[in-house]
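Residue-level listing of the chains:
There are 2 protein chains.
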Amino acid sequence: MTTDPTEERVLAAVRERRGQVNAAIDEDLPLAAPERLYEASRYLLKAGGKRLRPTVSLLAAEAVADVPPLSVDYRAFPTADGVKVDVMAGAVSLEIIQSFTLIHDDIMDDDPLRRGVPAVHEAYDVDTAILAGDTLYSTAFEIMAETGAAPANGLEAMRMLANTCTRICEGQALDVEFEHRKTVLPEEYLEMVESKTAVLYGDAAATPAILLDADDDVVDALYDYGIHSGSAFQIQDDVLDLTVPSEHLGKQRGSDLVENKETLITLHARQQGVDVDGLVDADDATSLTDEAVEAAVGTLEQAGSIEYAREKARSLVERSKSDLKALPDNEARSMLEDIAEYLISRGY
Amino acid sequence: MTTDPTEERVLAAVRERRGQVNAAIDEDLPLAAPERLYEASRYLLKAGGKRLRPTVSLLAAEAVADVPPLSVDYRAFPTADGVKVDVMAGAVSLEIIQSFTLIHDDIMDDDPLRRGVPAVHEAYDVDTAILAGDTLYSTAFEIMAETGAAPANGLEAMRMLANTCTRICEGQALDVEFEHRKTVLPEEYLEMVESKTAVLYGDAAATPAILLDADDDVVDALYDYGIHSGSAFQIQDDVLDLTVPSEHLGKQRGSDLVENKETLITLHARQQGVDVDGLVDADDATSLTDEAVEAAVGTLEQAGSIEYAREKARSLVERSKSDLKALPDNEARSMLEDIAEYLISRGY
Numbered sequence: 236m237t238t239d240p241t242e243e244r245v246l247a248a249v250r251e252r253r254g255q256v257n258a259a260i261d262e263d264l265p266l267a268a269p270e271r272l273y274e275a276s277r278y279l280l281k282a283g284g285k286r287l288r289p290t291v292s293l294l295a296a297e298a299v300a301d302v303p304p305l306s307v308d309y310r311a312f313p314t315a316d317g318v319k320v321d322v323m324a325g326a327v328s329l330e331i332i333q334s335f336t337l338i339h340d341d342i343m344d345d346d347p348l349r350r351g352v353p354a355v356h357e358a359y360d361v362d363t364a365i366l367a368g369d370t371l372y373s374t375a376f377e378i379m380a381e382t383g384a385a386p387a388n389g390l391e392a393m394r395m396l397a398n399t400c401t402r403i404c405e406g407q408a409l410d411v412e413f414e415h416r417k418t419v420l421p422e423e424y425l426e427m428v429e430s431k432t433a434v435l436y437g438d439a440a441a442t443p444a445i446l447l448d449a450d451d452d453v454v455d456a457l458y459d460y461g462i463h464s465g466s467a468f469q470i471q472d473d474v475l476d477l478t479v480p481s482e483h484l485g486k487q488r489g490s491d492l493v494e495n496k497e498t499l500i501t502l503h504a505r506q507q508g509v510d511v512d513g514l515v516d517a518d519d520a521t522s523l524t525d526e527a528v529e530a531a532v533g534t535l536e537q538a539g540s541i542e543y544a545r546e547k548a549r550s551l552v553e554r555s556k557s558d559l560k561a562l563p564d565n566e567a568r569s570m571l572e573d574i575a576e577y578l579i580s581r582g583y
Numbered sequence: 236m237t238t239d240p241t242e243e244r245v246l247a248a249v250r251e252r253r254g255q256v257n258a259a260i261d262e263d264l265p266l267a268a269p270e271r272l273y274e275a276s277r278y279l280l281k282a283g284g285k286r287l288r289p290t291v292s293l294l295a296a297e298a299v300a301d302v303p304p305l306s307v308d309y310r311a312f313p314t315a316d317g318v319k320v321d322v323m324a325g326a327v328s329l330e331i332i333q334s335f336t337l338i339h340d341d342i343m344d345d346d347p348l349r350r351g352v353p354a355v356h357e358a359y360d361v362d363t364a365i366l367a368g369d370t371l372y373s374t375a376f377e378i379m380a381e382t383g384a385a386p387a388n389g390l391e392a393m394r395m396l397a398n399t400c401t402r403i404c405e406g407q408a409l410d411v412e413f414e415h416r417k418t419v420l421p422e423e424y425l426e427m428v429e430s431k432t433a434v435l436y437g438d439a440a441a442t443p444a445i446l447l448d449a450d451d452d453v454v455d456a457l458y459d460y461g462i463h464s465g466s467a468f469q470i471q472d473d474v475l476d477l478t479v480p481s482e483h484l485g486k487q488r489g490s491d492l493v494e495n496k497e498t499l500i501t502l503h504a505r506q507q508g509v510d511v512d513g514l515v516d517a518d519d520a521t522s523l524t525d526e527a528v529e530a531a532v533g534t535l536e537q538a539g540s541i542e543y544a545r546e547k548a549r550s551l552v553e554r555s556k557s558d559l560k561a562l563p564d565n566e567a568r569s570m571l572e573d574i575a576e577y578l579i580s581r582g583y
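Line by line, the protein sequences are chains C and B.
For the record, in the first sequence the residue sitting at position 292 is 527 according to this note's numbering, with numbers rising by one throughout.
For the record, in the second sequence the residue sitting at position 1 is 236 according to this note's numbering, with numbers rising by one throughout.
For reference, chain C alone in the conformation it holds in the complex (with noise of 0.2 Å):
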């Protein structure tokens, strides 16, 4: 699957840009007292991660400013009236929220492990878990607020940050609240989808642009863009559970059923009249046979659920990369393009 040419430039455009991501982290984000809390804040980040959303934040930055890729220092990009703008800050107080969110979802959903590491309330212990996310949560708008940029925007980006929080928050209520529910739409699920994961990537996108005293139709857009393409994202993660073999998947196929979360594709199946709850009949993953699971999808798939699904997360690509047309049409443009072909063409 690495030989797609897509998928290849797009892990050339994160890989290119990791190293100074990393290294931005370390600065922004310092081992500093109480060294146990600031361990302990920034274990998951050192722990790795594509730096997907930064990529997504520096390309922006990019293509909004009409400059090569990578011919920019991302610490000091200009902008029009002359005033030199941090976008890499930016974009690491994202990822910085990123962590936050994943450390207390791990805490929430009793989940031991977390990019193949111990989750911190297990490299810790909970009330230190909790804290390390309290602290990454504030140092993240101090980071945004020292970007440099003229204080309007500067504002601006600090509001978008704190709306984004809130609707993580509440994504993450919603999606604990569906598992309560008798009957979820599929209009609320993409809503849910929306909030908790999408908002991320459409802040990434619009932050620089906002920073970069862009017009509010270039920033709509690159919001727009992330939560487009954000979407479509979780959406395909929703297949790729289904579809996956289970070792190319990090864990069991069709765990999703087991564990009986609403995905877009359940909700669909129900719509058509599937009977979702006895799919399969395991009660954990491990006991989940591939022949089960072939099974379910085979039922999935002829309800037309899982072709739902793709065609959904297609559609929000292709409506993404429109939404992309405000901008200049120059390479960061089509590499942004690429990374939203790239969220529902990866593998896994």
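Among the hints, a few may not be true.
Chain copies aren't distinguished; within one or between two, either way the pair holds.
[Claimed, not checked] Pairs of lysine to any residue residues, derived as SDA-like cross-links and limited to a Cα-Cα distance of at most 20 Å, are as follows:
#	residue 1	residue 2
1	Lys486	Arg581
2	Lys560	Leu514
3	Lys281	His483
4	Lys417	Glu270
5	Lys560	Val302
6	Lys319	Ala387
In case anyone wonders, no lab produced these hints; they're calculated from the structure.
Fair warning: this is a prediction, and the values are worked out from it, not measured in the lab.
The hints should help you fit chain B onto chain C, whose structure is shown.
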């Protein structure tokens, strides 16, 4: 004790503003969807609270603007350049941050009660309490972003708010760290108190000055006023735990000693050679007798430790009153002085 004229004036000032503050909290943090999330988020704020910090904030606005108390709409406070500023939003934002920290602290400290009602993690569950706290966190930043202040001032208020939250987290981490440390110096304890408790007073006092575009020395003076009086408040809390009868305290007198909580008093006593760990031998507060507390207090008094803490609180209050000299001499400033006095003269 309620016949003390300073206390009377302070309680009147708080009472006269509480209705407006509560209404503003309701307006700025409405019961939105998902409803259970916002119910849990609002639960502790609705359970009461004196609203001392918002009162400090509103009085600081009046002192800086040099207007008579309660003469100007807090939602439309005039500035020199004609901008109207919502100083109430700043006060609400900080009260919401305070509420978030209490919710997460109660989880970490495993405290079942708060303000006489079950803590949020008891009334709901731990996951909901984590998420409710996270929601309040970002909502506070959203509200602070909407004060209508000039962008540079709005951004500075957001930056200070973020720094305040980081310092509160650091203070909480230090507090936990001290429980496991062999030696803690009184200076380190004061640093912890400043972070954990006092910065929120500093921020509450300084925010209106920032929003109203006051000179830097006025902003700094109000911040220092809050730091000094807030630290005094916490030290006085430690004194009261030992010196006020249980029935007034609302909890067992001397409970800090049973919980081996280090305070300025115990740290001073250790330096004087007192065997602090052997002061009381009860395993929990309920098995602690008043005689045992009397004896322990007698030992601490003989070592000069209670007087040392009282003196420290007193000198901090004097400093906080002297900080205020950077402000115009008016009724609101005099009420801020009263509040500083009240923080250490209050009986319980």
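Each hint tested on the structure:
no.: 1; hint: Lys486 with Arg581; in the structure: within (16 Å within a copy, 59 Å between copies)
no.: 2; hint: Lys560 with Leu514; in the structure: neither (43 Å within a copy, 74 Å between copies)
no.: 3; hint: Lys281 with His483; in the structure: neither (24 Å within a copy, 50 Å between copies)
no.: 4; hint: Lys417 with Glu270; in the structure: between (46 Å within a copy, 17 Å between copies)
no.: 5; hint: Lys560 with Val302; in the structure: within (17 Å within a copy, 53 Å between copies)
no.: 6; hint: Lys319 with Ala387; in the structure: both (15 Å within a copy, 16 Å between copies)
In summary, the structure is inconsistent with hints 2, 3 from the numbered list given earlier, while agreeing with the others.
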